[in-house]
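A.B. asks: Here is what each chain is made of, one letter per residue.
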Amino acid sequence: MIPDMKFVATTCPYCGVGCGLLLAVRDERVVGVEPWQAHPINEGKLCQKGRYAHQFIHSEDRLKTPLIKRGGSFVPASWDEALQLIARRLSSYGPEEVFFLASAKATNEENYLFQKFARVVMKTNNVDHCARLCHSSTVSALAKAFGSGAMTNSILDLEEARCIFVIGSNTFEQHPLIGRRLVLARRRGAKVISADPRLTPTAKEADLHLPIRPGTDVALINGLVRRIIEGGWEDRGFIEERTRGFETLRETVMKEESTLPGTSRITGVPEGDIEAAAEMIATLKPAALLYSMGVTQHTSGVENVLALANLMMLTGNIGRPGSGVNPLRGQNNVQGACDMGALPNVFSGYQSVEEDGCRRRMKRVWGVEELGEARAGITSTEMMEILADRPGRMKALYLMGENPMISEADQNRVRRALDNVEFMVSQEIFMTETTELADVVLPAASFAEKDGTFTNTDRRVQRLRKAIDPPGEAMPDWEILSRLARAMGYGKEFDYRRAEEIFEEIARATPSYAGISYPRIEDPHALQWPCPGPHHPGTPILHVERFATPDGLGHFSPVEWRPPAEVPSEDYPLILTTGRSLWHWHAGSMTRRSESLDGEVETGWVEMNEEEAEEMGIRDGEVVRVSSRRGKIELPARVTSEIKRGVIFVPFHFAECPANRLTNAALDPVSKIPEFKACAARVDKLRGWQHPRGG
Amino acid sequence: MIYVWATDPGVRRRGESGGAVTALLKFALEEGIVDAVLGVKRGADLTDGRPHLTADPKEVEGMAGSIHGGTLLLSKLFGKYLDGARGFKVGAVVKGCDLMGIFEQAKRGEVDRNNLLLLGLNCGGSIAPSMMRRIISEAFGEEPAAVTKETIHKGRFHITVRGEHKDLPIREIEGAGLGRRENCRRCKLKVPRGADLACGNWGVREELVGEVTFVEVTTDRGRDLLRRALEAGAIGIASPEGPCIKARKRREDLIIGLSNEERERDFAPLEGSRDRMRAVIEETARCIKCYACVEVCPALFNTTGPYRTSFPGLVPPGLEFHLTRYAHVADSCINCGQCQELCPMEIPNARIMHAIATDLQELRGYRAGEEGSKPAVALMRRPEGA
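Residue numbers (the working numbering), protein chains in the order written: chain A, 1 to 695; chain B, 1 to 386.
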């Protein structure tokens with residue numbers, strides 16, 4: 001028999017880089033991944049997650065039928081039965097009693113429909129997604145400084161930078177195909193600076209490593225700003241023509257704590273290195289900034305990003321190739337989920353739910369007479385707070401592909417919150433720690449089983465293409481939502497046969513996507529928003545002539561350093577920081593079912609400084625207990641010289657030793673992002689534990 | 001040696017050089033000589049080459065035409081996805097590197113050469129898609145999307161844009177830092193004589209350029225195919241003149257001479273053993289252990305088993321990860337360039353491995369990628385448990 005074989009061009013489902021790949025499909029099974037050399041971002045190259053992206057698709061334990069919980073356990077049900085039940089229960093709740101948690105893993109079409117469902121059918125703005133946990137501080141801060149909360153430049157022009165300042169991003173492991181651009185830029189003579197408490201693979205390949213103490217970012221940036229002003233290296237022309245508020249910035253950094261000794265004292269970075277970094281960033285032009293969760297996931301997340309925006313405006317590094325403020329988005333479609341309005345305060349394209357004009361436009365596009373109140377809904381982190389601490393007000397929770405039991409801070413509290421939900425629905429591809437707590441679980445299609453679009457970190461709207469049918473009765477999230485809307489009497493408003501029809505509606509509803517269509521993004525270069533018209537070429541670089549603020553100027557926002565919500569104490573003398581492993585993705589439902597990835601890294605670990613480990617008598621590989629004020633976990637120690645004294649690191653993928661049982665759910669006051677990147681913790685040796693190698 | 005062309009005007013129009021290769025493959029499929037054809041199909045534009053398997057003769061026509069921007073290697077697809085072509089026969093269009101890779105895979109039992117009908121294409125080198133776009137925009141000053149045809153002929157790169165023809169010498173393009181892949185510049189297998197037929201346009205008489213393909217018959221299977229296709233009226237043939245055969249040889253020798261210069265230039269910094277080790281240590285320090293270099297290497301078995309046991313999870317992996325692979329490939333590196341082209345960290349894997357293999361091949365008198373001969377030092381037994 002000759003196999004039926006095809007190669008389907010699509011977009012990687014993991015991180016926000018948005019690499020293209022070919023799925024090798026044999027006889028209706030995805031059997032491999034092959035390079036797609038014509039894709040401009042990765043040119044056929046992939047990291048291990050992309051290379052093995054097919055391995056979980058045909059897992060035996062994929063969800064294949066709707067499940068309804070009866071008497072404490074799940075029973076298979078028909079779609080009709082499940083949707084009727086959900087429709088009946090949801091109809092019994094008011095707009096304030098429900099919450100919709102969308103997903104940065106799902107497509108634009110699905111996130112758009114999800115928020116439309118919440119707003120049209122349930123008349124609520126209580127919709128949010130995991131961007132709350134990653135770059136909500138970026139969105140808030142850059143909207144204030146520049147008028148738009150996205151990556152200002154493109155992955156493709158990074159190579160033109162002469163200096164690249166990487167802070168709070170282990171680019172080589174978390175965005176490997178952007179890491180490659182650092183390699184290429186260095187080959188052309190660029191200098192790379194990495195600020196990170198760990199000597200990560202990224203830091204090792206940098207020209208200068210600044211081993212910063214977690215939670216002292218603003219102090220470091222203000223120190224750099226002061227040194228640049230003292231050196232007379234600021235870009236006066238840019239400051240005068242394109243910005244306002246510089247004088248107040250200057251005043252703020254003139255305090256003692258921003259002197260070289262002051263900065264060094266707070267951050268732990270040697271004075272000479274601060275000085276060298278300041279000179280490089282200011283004098284090697286153009287300079288680009290890359291940052292990620294190490295900056296955003298703090299109670300001072302918004303201030304951290306504002307400080308960085310100050311630094312890049314000060315040095316005139318906005319609006320030209322090789323420069324810019326470049327937040328690296330984590331999820332494959334976190335930019336898109338934000339763009340689609342899966343947020344409590346905006347419709348798609350960041351159109352305010354409180355403005356009359358935007359509301360009129362959405363009513364017209366959606367063909368409805370009324371929407372919910374003209375008031376922003378609550379955020380997902382506030383929802384957790386309400387459920388955990390003030391139960392009764394919030395009754396129902398509808399999730400699409402999210403696993404907060406592993407991904408939210410302070411797991412014990414999340415558990416308490418979810419236990420207090422009266423009715424919970426989850427659309428998923430696998431059973432997870434969260435779906436276990438649901439009342440109805442609906443089987444969804446994976447990335448290989450549906451059409452749609454993802455918007456990557458550089459605002460590029462790219463196609464996802466269906467390679468095979470979903471298993472059993474599973475179906476794409478957009479189809480589930482359409483059917484449920486029909487069951488609730490909104491058949492006319494949710495009448496879609498193909499994902500493309502939803503995208504056409506997105507283009508009508510969203511000014512920044514107005515010129516984008518499926519035929520236009522057949523070319524692997526796709527289109528970067530804003531793309532306001534059918535002949536507009538897309539926008540690789542933002543803020544070239546003017547900023548997106550009402551006055552067209554960039555706004556300096558002076559900020560002062562304040563310590564994290566929790567600082568080391570006698571009982572908890574260490575700072576715990578968390579993050580990802582190159583081999584895994586978030587809560588692990590996909591990567592831990594991928595043999596080539598899970599076979600390489602099977603469980604979590606705590607990375608600790610070798611001197612401190614020796615003082616405590618802890619050996620490499622020894623299982624230890626790590627605890628914080630909120631809980632404790634047991635896991636092997638990875639003893640290394642590559643982490644600062646006083647700091648420990650735990651990856652958050654592993655349900656058996658979840659880092660988020662320890663993290664602090666204290667929130668940034670503006671963006672409501674939790675402080676995943678710094679809390680007080682301790683490490684204890686387990687009594688009676690024997691090292692397997694003896695001794 | 002013989003001139004061949006398609007008799008079907010449609011095939012002649014869509015294919016290069018008279019459409020001989022397309023006509024032969026289509027004929028082989030129609031007659032049941034092969035059950036399927038594996039080739040390269042144009043995707044979004046002419047820099048986008050994607051692998052394509054079909055059992056439909058009509059689709060073969062759709063795969064006609066040159067794609068120098070298609071830098072993929074077909075060799076491993078048989079073992080990975082097609083049961084090593086066991087149980088059915090596959091016709092494939094191969095460049096020198098595809099062919100050498102198939103031989104190396106066949107020696108390791110990953111593909112059954114007897115079930116393959118291989119039509120070789122002369123190849124002076126291929127160009128990565130992003131580079132192709134740069135050449136079009138930087139060297140020609142044209143919009144890549146506007147180019148409807150590209151071809152390489154007599155050392156010049158030709159494009160058709162808005163119906164107009166333009167060309168530049170490859171030397172000039174490469175002098176400006178653009179051009180073919182690094183491994184292609186070092187390649188010496190320009191006419192793939194190990195295939196069943198070796199086809200191309202080198203040496204074709206000036207007035208026949210674009211009208212006929214110069215075919216070298218290299219195996220009985222190739223001879224058979226030509227005879228049957230001729231009898232059935234699928235192709236026309238003519239004898240090339242003596243000077244054309246000489247011109248073809250001169251062209252081949254010229255390119256091989258250039259390849260020798262490229263080798264000298266690339267290998268010089270890796271000459272001494274200390275320099276070579278230093279390069280390995282420095283370049284592999286940024287490895288993220290994605291396994292691309294293992295997965296795509298046609299001189300390795302279709303398993304990552306032997307490399308996964310070293311330093312699980314550690315990034316960058318210890319040096320042993322790379323040294324083990326070098327040892328396993330050893331003299332079997334065919335310089336296909338995939339390990340370098342697909343490395344996300346821009347490690348010049350192919351340059352290093354080709355340097356090692358070239359030394360070993362010279363010392364042991366072995367030439368990788370040629371049918372029959374066995375390597376002297378490479379891993380030739382499938383790793384246990386893999």
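Simulated from the structure, these hints should not be mistaken for lab results.
Remember, it's a predicted structure, so these values are computed and weren't measured experimentally.
Among the hints, erroneous ones may be present.
[Claimed, not checked] In silico SDA-like pairs for lysine to any residue, Cα to Cα no more than 20 Å straight-line:
hint: 1; chain 1: B; residue 1: K41; chain 2: A; residue 2: K123
hint: 2; chain 1: A; residue 1: K6; chain 2: B; residue 2: T219
hint: 3; chain 1: A; residue 1: K6; chain 2: B; residue 2: A55
hint: 4; chain 1: A; residue 1: K6; chain 2: B; residue 2: D45
hint: 5; chain 1: A; residue 1: K123; chain 2: A; residue 2: I468
hint: 6; chain 1: B; residue 1: K58; chain 2: A; residue 2: K123
hint: 7; chain 1: B; residue 1: K58; chain 2: A; residue 2: M5
hint: 8; chain 1: B; residue 1: K80; chain 2: A; residue 2: I468
hint: 9; chain 1: B; residue 1: K41; chain 2: A; residue 2: E522
hint: 10; chain 1: B; residue 1: K80; chain 2: A; residue 2: R29
[Claimed, not checked] Derived CB-CB ranges, DEER-like:
hint: 11; chain 1: B; residue 1: E143; chain 2: A; residue 2: P550; range: 52 to 58 Å
hint: 12; chain 1: B; residue 1: R278; chain 2: A; residue 2: G272; range: 26 to 32 Å
hint: 13; chain 1: B; residue 1: G175; chain 2: A; residue 2: E560; range: 40 to 46 Å
hint: 14; chain 1: A; residue 1: E256; chain 2: B; residue 2: G175; range: 53 to 59 Å
hint: 15; chain 1: A; residue 1: E271; chain 2: B; residue 2: G155; range: 55 to 61 Å
hint: 16; chain 1: B; residue 1: G155; chain 2: A; residue 2: V544; range: 54 to 60 Å
[To be verified] Residues of chain A clear of chain B, computed beta-carbon distances all greater than 12 Å:
hint: 17; residue: G147
hint: 18; residue: I239
hint: 19; residue: E275
hint: 20; residue: G357
hint: 21; residue: V544
Every residue, glycine too, gets a C-beta built ideally from N, C-alpha and C.
A.B. asks: Does each hint hold? Answer for all of them.
C.D. replies: Quick rundown of the hints versus the structure:
A hinted pair counts as satisfied when its Cα atoms are at most 20 Å apart, and K41 (chain B) with K123 (chain A) does not qualify at roughly 49 Å. Our distance criterion of 20 Å between C-alpha atoms is broken by K6 (chain A) and T219 (chain B), whose separation comes to about 30 Å. Under the criterion of a C-alpha separation no larger than 20 Å, the hint pairing K6 (chain A) with A55 (chain B) is consistent with the structure, at around 12 Å. With a C-alpha separation of about 18 Å, the suggested pair K6 (chain A) and D45 (chain B) falls inside the 20 Å cut-off, and the hint holds.
About 35 Å separates the Cα atoms of K123 (chain A) and I468 (chain A), which puts this hinted pair outside 20 Å; it is violated. Restraint check for K58 (chain B) and K123 (chain A): the C-alpha separation of about 54 Å exceeds 20 Å, so the hint is violated. Only pairs whose Cα atoms come within 20 Å are accepted, and K58 (chain B) paired with M5 (chain A) is accepted, the gap being roughly 17 Å. Using a Cα cut-off of 20 Å, the hinted pair K80 (chain B) and I468 (chain A) holds, with the two alpha carbons roughly 19 Å apart.
Only pairs whose Cα atoms come within 20 Å are accepted, and K41 (chain B) paired with E522 (chain A) is accepted, the gap being roughly 16 Å. With a C-alpha separation of about 13 Å, the suggested pair K80 (chain B) and R29 (chain A) falls inside the 20 Å cut-off, and the hint holds. For E143 (chain B) paired with P550 (chain A), a C-beta distance near 36 Å fails the hint of 52 to 58 Å. A beta carbon spacing of about 29 Å between R278 (chain B) and G272 (chain A) agrees with the range 26 to 32 Å that was offered as a hint.
Judged by the Cβ atoms, the range 40 to 46 Å given for G175 (chain B) and E560 (chain A) is violated: they are separated by roughly 56 Å. Between E256 (chain A) and G175 (chain B) the beta carbon distance is about 58 Å. The supplied range of 53 to 59 Å therefore holds. The given range of 55 to 61 Å is respected by E271 (chain A) and G155 (chain B), whose C-beta atoms sit roughly 59 Å from each other. At about 41 Å, the CB distance of G155 (chain B) to V544 (chain A) disagrees with the hint of 54 to 60 Å.
Annotated as non-interface, G147 (chain A) keeps its C-beta farther than 12 Å from every C-beta of chain B; the closest such distance is 32 Å. Every C-beta of chain B lies more than 12 Å from that of I239 (chain A), the closest at about 35 Å, which supports listing it as non-interface. With a least beta-carbon separation of about 27 Å from chain B, E275 (chain A) lies farther than 12 Å from that chain, consistent with its non-interface assignment. G357 (chain A), annotated as away from the interface, keeps every beta carbon of chain B farther than 12 Å; the closest lies near 37 Å.
The beta carbon of V544 (chain A) is kept farther than 12 Å from every beta carbon of chain B, the shortest such distance being approximately 20 Å.
Of the numbered hints stated above, those contradicted by the structure are hints 1, 2, 5, 6, 11, 13 and 16, listed in ascending order.
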